[in-house]
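2 protein chains.
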Amino acid sequence: MLKNVDLSKKLSKVKLKKVLDASLGEELGQIQRDCRAAGLPVIIVLEGWRHSRRSDILGGMMQYMDARGFRVYSTTKLPLEARQQPFFTSFWQQLPLPGAMSIYRHSWYHMQIAGEFLGSEVGIRPSTLEHINAFEKQLTDGHYCILKFFIHLSNKQQKANQKKAAKALGKAWHEISTIYSEEKEYSKYYKRYDEMLEATNNVNAPWHVVSGEDLQAAQLEVYQTVVRELRRALYAFKEAKAMDKPSTGKSDTAEKYDILAKVDLSKTLKKAEYRDKLEKYQSRLRILQTEAANAGLSAIIAFEGWDAAGKGGAIRRLTAAMDPLAYAVNPVSAPNDVEKAFHYLWRFWVHVPQKGEVAIFDRTWYGRVMVERVEHFTPDVDWQRAYAEINETEAQWFENKIVIAKFWLQIDKDEQERRFKLREENPAKVWKITDEDWRNRAKWPEYEVAVNEMLAKTSTSYAPWTIVEGNDKLYARIKVLKTVVEMLEKRL
Amino acid sequence: MLKNVDLSKKLSKVKLKKVLDASLGEELGQIQRDCRAAGLPVIIVLEGWRHSRRSDILGGMMQYMDARGFRVYSTTKLPLEARQQPFFTSFWQQLPLPGAMSIYRHSWYHMQIAGEFLGSEVGIRPSTLEHINAFEKQLTDGHYCILKFFIHLSNKQQKANQKKAAKALGKAWHEISTIYSEEKEYSKYYKRYDEMLEATNNVNAPWHVVSGEDLQAAQLEVYQTVVRELRRALYAFKEAKAMDKPSTGKSDTAEKYDILAKVDLSKTLKKAEYRDKLEKYQSRLRILQTEAANAGLSAIIAFEGWDAAGKGGAIRRLTAAMDPLAYAVNPVSAPNDVEKAFHYLWRFWVHVPQKGEVAIFDRTWYGRVMVERVEHFTPDVDWQRAYAEINETEAQWFENKIVIAKFWLQIDKDEQERRFKLREENPAKVWKITDEDWRNRAKWPEYEVAVNEMLAKTSTSYAPWTIVEGNDKLYARIKVLKTVVEMLEKRL
Numbered sequence: 096m097l098k099n100v101d102l103s104k105k106l107s108k109v110k111l112k113k114v115l116d117a118s119l120g121e122e123l124g125q126i127q128r129d130c131r132a133a134g135l136p137v138i139i140v141l142e143g144w145r146h147s148r149r150s151d152i153l154g155g156m157m158q159y160m161d162a163r164g165f166r167v168y169s170t171t172k173l174p175l176e177a178r179q180q181p182f183f184t185s186f187w188q189q190l191p192l193p194g195a196m197s198i199y200r201h202s203w204y205h206m207q208i209a210g211e212f213l214g215s216e217v218g219i220r221p222s223t224l225e226h227i228n229a230f231e232k233q234l235t236d237g238h239y240c241i242l243k244f245f246i247h248l249s250n251k252q253q254k255a256n257q258k259k260a261a262k263a264l265g266k267a268w269h270e271i272s273t274i275y276s277e278e279k280e281y282s283k284y285y286k287r288y289d290e291m292l293e294a295t296n297n298v299n300a301p302w303h304v305v306s307g308e309d310l311q312a313a314q315l316e317v318y319q320t321v322v323r324e325l326r327r328a329l330y331a332f333k334e335a336k337a338m339d340k341p342s343t344g345k346s347d348t349a350e351k352y353d354i355l356a357k358v359d360l361s362k363t364l365k366k367a368e369y370r371d372k373l374e375k376y377q378s379r380l381r382i383l384q385t386e387a388a389n390a391g392l393s394a395i396i397a398f399e400g401w402d403a404a405g406k407g408g409a410i411r412r413l414t415a416a417m418d419p420l421a422y423a424v425n426p427v428s429a430p431n432d433v434e435k436a437f438h439y440l441w442r443f444w445v446h447v448p449q450k451g452e453v454a455i456f457d458r459t460w461y462g463r464v465m466v467e468r469v470e471h472f473t474p475d476v477d478w479q480r481a482y483a484e485i486n487e488t489e490a491q492w493f494e495n496k497i498v499i500a501k502f503w504l505q506i507d508k509d510e511q512e513r514r515f516k517l518r519e520e521n522p523a524k525v526w527k528i529t530d531e532d533w534r535n536r537a538k539w540p541e542y543e544v545a546v547n548e549m550l551a552k553t554s555t556s557y558a559p560w561t562i563v564e565g566n567d568k569l570y571a572r573i574k575v576l577k578t579v580v581e582m583l584e585k586r587l
Numbered sequence: 096m097l098k099n100v101d102l103s104k105k106l107s108k109v110k111l112k113k114v115l116d117a118s119l120g121e122e123l124g125q126i127q128r129d130c131r132a133a134g135l136p137v138i139i140v141l142e143g144w145r146h147s148r149r150s151d152i153l154g155g156m157m158q159y160m161d162a163r164g165f166r167v168y169s170t171t172k173l174p175l176e177a178r179q180q181p182f183f184t185s186f187w188q189q190l191p192l193p194g195a196m197s198i199y200r201h202s203w204y205h206m207q208i209a210g211e212f213l214g215s216e217v218g219i220r221p222s223t224l225e226h227i228n229a230f231e232k233q234l235t236d237g238h239y240c241i242l243k244f245f246i247h248l249s250n251k252q253q254k255a256n257q258k259k260a261a262k263a264l265g266k267a268w269h270e271i272s273t274i275y276s277e278e279k280e281y282s283k284y285y286k287r288y289d290e291m292l293e294a295t296n297n298v299n300a301p302w303h304v305v306s307g308e309d310l311q312a313a314q315l316e317v318y319q320t321v322v323r324e325l326r327r328a329l330y331a332f333k334e335a336k337a338m339d340k341p342s343t344g345k346s347d348t349a350e351k352y353d354i355l356a357k358v359d360l361s362k363t364l365k366k367a368e369y370r371d372k373l374e375k376y377q378s379r380l381r382i383l384q385t386e387a388a389n390a391g392l393s394a395i396i397a398f399e400g401w402d403a404a405g406k407g408g409a410i411r412r413l414t415a416a417m418d419p420l421a422y423a424v425n426p427v428s429a430p431n432d433v434e435k436a437f438h439y440l441w442r443f444w445v446h447v448p449q450k451g452e453v454a455i456f457d458r459t460w461y462g463r464v465m466v467e468r469v470e471h472f473t474p475d476v477d478w479q480r481a482y483a484e485i486n487e488t489e490a491q492w493f494e495n496k497i498v499i500a501k502f503w504l505q506i507d508k509d510e511q512e513r514r515f516k517l518r519e520e521n522p523a524k525v526w527k528i529t530d531e532d533w534r535n536r537a538k539w540p541e542y543e544v545a546v547n548e549m550l551a552k553t554s555t556s557y558a559p560w561t562i563v564e565g566n567d568k569l570y571a572r573i574k575v576l577k578t579v580v581e582m583l584e585k586r587l
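Going line by line, the protein sequences match chains A and B.
Numbering of the first sequence is given in this note's numbering, commencing with residue 96 and proceeding in unit increments.
Numbering of the second sequence is given in this note's numbering, commencing with residue 96 and proceeding in unit increments.
Please note: incorrect hints may appear among the correct ones.
Which copy? The list can't say, so a pair holds if one copy fits it or any two copies do.
[Said to hold, decoys possible] The calculated lysine-lysine pairs, modelled on BS3-like cross-linking and capped at a C-alpha distance of 25 Å, are:
| id | residue 1 | residue 2 |
| --- | --- | --- |
| 1 | Lys538 | Lys568 |
| 2 | Lys372 | Lys108 |
| 3 | Lys345 | Lys435 |
| 4 | Lys496 | Lys527 |
| 5 | Lys172 | Lys259 |
| 6 | Lys372 | Lys333 |
| 7 | Lys254 | Lys279 |
| 8 | Lys98 | Lys340 |
| 9 | Lys375 | Lys112 |
| 10 | Lys262 | Lys516 |
| 11 | Lys585 | Lys336 |
| 12 | Lys372 | Lys113 |
| 13 | Lys568 | Lys112 |
| 14 | Lys450 | Lys113 |
These aren't lab readings, by the way, just hints derived from the structure by calculation.
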């Protein structure tokens, strides 16, 4: 994609100012306000060669925009801890709110290249271009607008700019590292940039390759493109909103899944055996947690299941064996205002574990294909797409040394009724049961369909579901503990 | 406070289990649920000697609590970047939501001692015990409950525990540093701990010093204290809520302040002079920003003023001269659900600048003593206390190498009306004016009283207010730029 870029375009400062004063400047401000009014979240990626003067390009544009509505980021400023989390963690955490803009002077592309070429020296484990495509598609499918620019430079111009920059006062203090020297290895970087641009030039987030040989010409092209592309995105955004179809909760596949019906709920454990095994696996887990932490291995332990299936009890037996400093339990319920304003996966990315830590989720991102489907909260096309999105996400986590254990706690309808009634009768437990539990219970058949499809479509080699026979609580707790222990052992 | 601790108490494992099984365990769970139901946010600080087995004390308690409702923190796990922000930044960011618990295995006390004794080796700039007291008082005044424990140990027992710990499998991986050796310098630490406990043993957040010689005895005492003190706190919390008096917006001082009336609004600047000075100060600021960043100096630039006083324009002239990567503009409007759930200062601590960066606020924490007072959103006692709280906060920021520039943009009522009407007539600017602007304008006299008192009570040597004569926009913009430039120069 770099070969045919016209590097000869030139523009004087006076001419650029004329165009900006005539209307382009005002158009930049106006389109930002239009995006804000419509609630369109915008991500602008400004990649390019080192010394392609992206700061000037950016700075020039920012003067016409309202600084209260954007934030500028760079991966070169990420602390080491953030770099050691899964590759996309900080980008998820930096997502713009509806109507706001996140602007990257160095984005995931820079982090990818830096990770590939300098890896351990800069503390970055690179991702893959496939994951980058998946990441961007998840966002554009979620109605985020992504504008990507690559500022191209000849080696000659790059060296000239570099000299000028070195002369000018002060050294840029936010450079990733002095060892990162594109100028000397221009052809190596050229090849990799070109491949990268081609592999990530998707219809939902295409690249705009701009010549940076002449600063003013580059500025004009970037600013005009921003206005044009944001107008287009706004139009599409409004169209998409208007086209939202009512949700039916119906699957898009004809296939019937029958996983839950085959679960053998007669499995039990005697009290004495339970005590022995509890002691055994908890001791083992205590040791494994330290070993995993030392090895930089993290874990995500996800719990789903019917109401009263025993999630809380299982979690307590897990955490009893763990260092309270190294785990966090994240209860997941209906999203609050802020969570609702973001992509549905945002609130889980925020809790991705640090290196060596354990994140436990009591209910999870699978709400997208269960409650959001069954209650018709989400258009069919969106929850249907979520199976793939979740698989992609879990694969990204797994590849960053995270063990992913997912539990579906299964009980039958009679057992649930028995437990609901027990809770209602016990003053110490009555707080555990609400009207909503009874309402959910009435939708058991719909949930059964949704759970079956979920188990079938999201059980992967890297993040398998473990179905836990839960009618007997003792059996269930041990199975959870044992599974976590075995998964950690396998990965260590 | 350490001298008279009875180190002889002992308890067998069997006896502890009996007490826990009989009722204490259930009481721990119940009090947590009661706090949750009432919406009381709880902070538990578990400090003590190294090797006082706080993990065991903590771990034992956590088993009776719902892990979904607490989070355990330690300052030893803070990344370097976080340690270089103002001392209390991460503690503010880790505040519990209503009904939740934040538990510290190493808190601000540990960070204080580590900062004092090891300073640059661990990258911590210590605070002062006065600031710690102010921090805790702000929280308890804001209805947070703070429970503080110090686990005391004899040097002999400490050495014995240390040996045992070293023998046991694995090394604790979360120790701050191997250079941190209390065992060898017991008396030095003893003296400092004792002073610290005495100086921070306040009625709103008293210390509970517990003997750690015998683990079970310590566990029992801590757990019983947690139940007892949380019950007390809950009672006080409910009392306080019931006693909320309606807000009157009236000052608690008889003094009249007359600062705004003395502002000379006739000051103007000619267009040509404006252009010269704009160029001059922007160039200077561009250089200063790099110098400040290199020196690790940050800045907080706060804007308040009447509607249409020109805050946006002044901010734009500032940011035009700055590296977009090194500043962020934070627009402040009515708090959202999440912000409302926290202490009113929380949402500003979240945006405290990183080392070398600039945080600009378009409207600020002073909303507490302006809109919240004038609109009667907040009980009198709360906004009246805010002057002192804000001064304390700004002092903490200032001491962490942050330049604090605060601008009040002053215009008169006629000028505001003229600008409102201009906006209404201009299709490109009509978005800037809303009905609320007119409503606020009707309360001009009440705001005038509030602003005068604010300027009088919160203009300090470390964070002075600059009143900007704003009837002439050109004059105002230059004054803002010049002030920021001079403040940076003075501090460099």
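Status of the hints after comparison with the structure:
1. Lys538 - Lys568: within (24 Å within a copy, 63 Å between copies)
2. Lys372 - Lys108: between (77 Å within a copy, 21 Å between copies)
3. Lys345 - Lys435: Within. Shortest intra-copy distance 23 Å satisfies the 25 Å Cα cut-off; inter-copy 39 Å does not.
4. Lys496 - Lys527: For Lys496 and Lys527, neither the intra-copy (36 Å) nor the inter-copy (50 Å) Cα distance is at most 25 Å.
5. Lys172 - Lys259: Within one copy, since 24 Å is at most 25 Å while 42 Å is not.
6. Lys372 - Lys333: neither (58 Å within a copy, 45 Å between copies)
7. Lys254 - Lys279: Within one copy, since 9 Å is at most 25 Å while 57 Å is not.
8. Lys98 - Lys340: Answer is neither: 44 Å inside a copy and 72 Å across each miss the 25 Å cutoff.
9. Lys375 - Lys112: between (74 Å within a copy, 20 Å between copies)
10. Lys262 - Lys516: neither (78 Å within a copy, 50 Å between copies)
11. Lys585 - Lys336: Neither way: Lys585 and Lys336 sit 46 Å apart in one copy and 53 Å across, limit 25 Å.
12. Lys372 - Lys113: The answer is between: 23 Å across copies meets 25 Å, while 78 Å in one copy does not.
13. Lys568 - Lys112: Result: close only across copies, 23 Å inter versus 73 Å intra.
14. Lys450 - Lys113: neither (52 Å within a copy, 38 Å between copies)
Hint compliance for this structure: hints 4, 6, 8, 10, 11, 14 are broken, all remaining hints hold.
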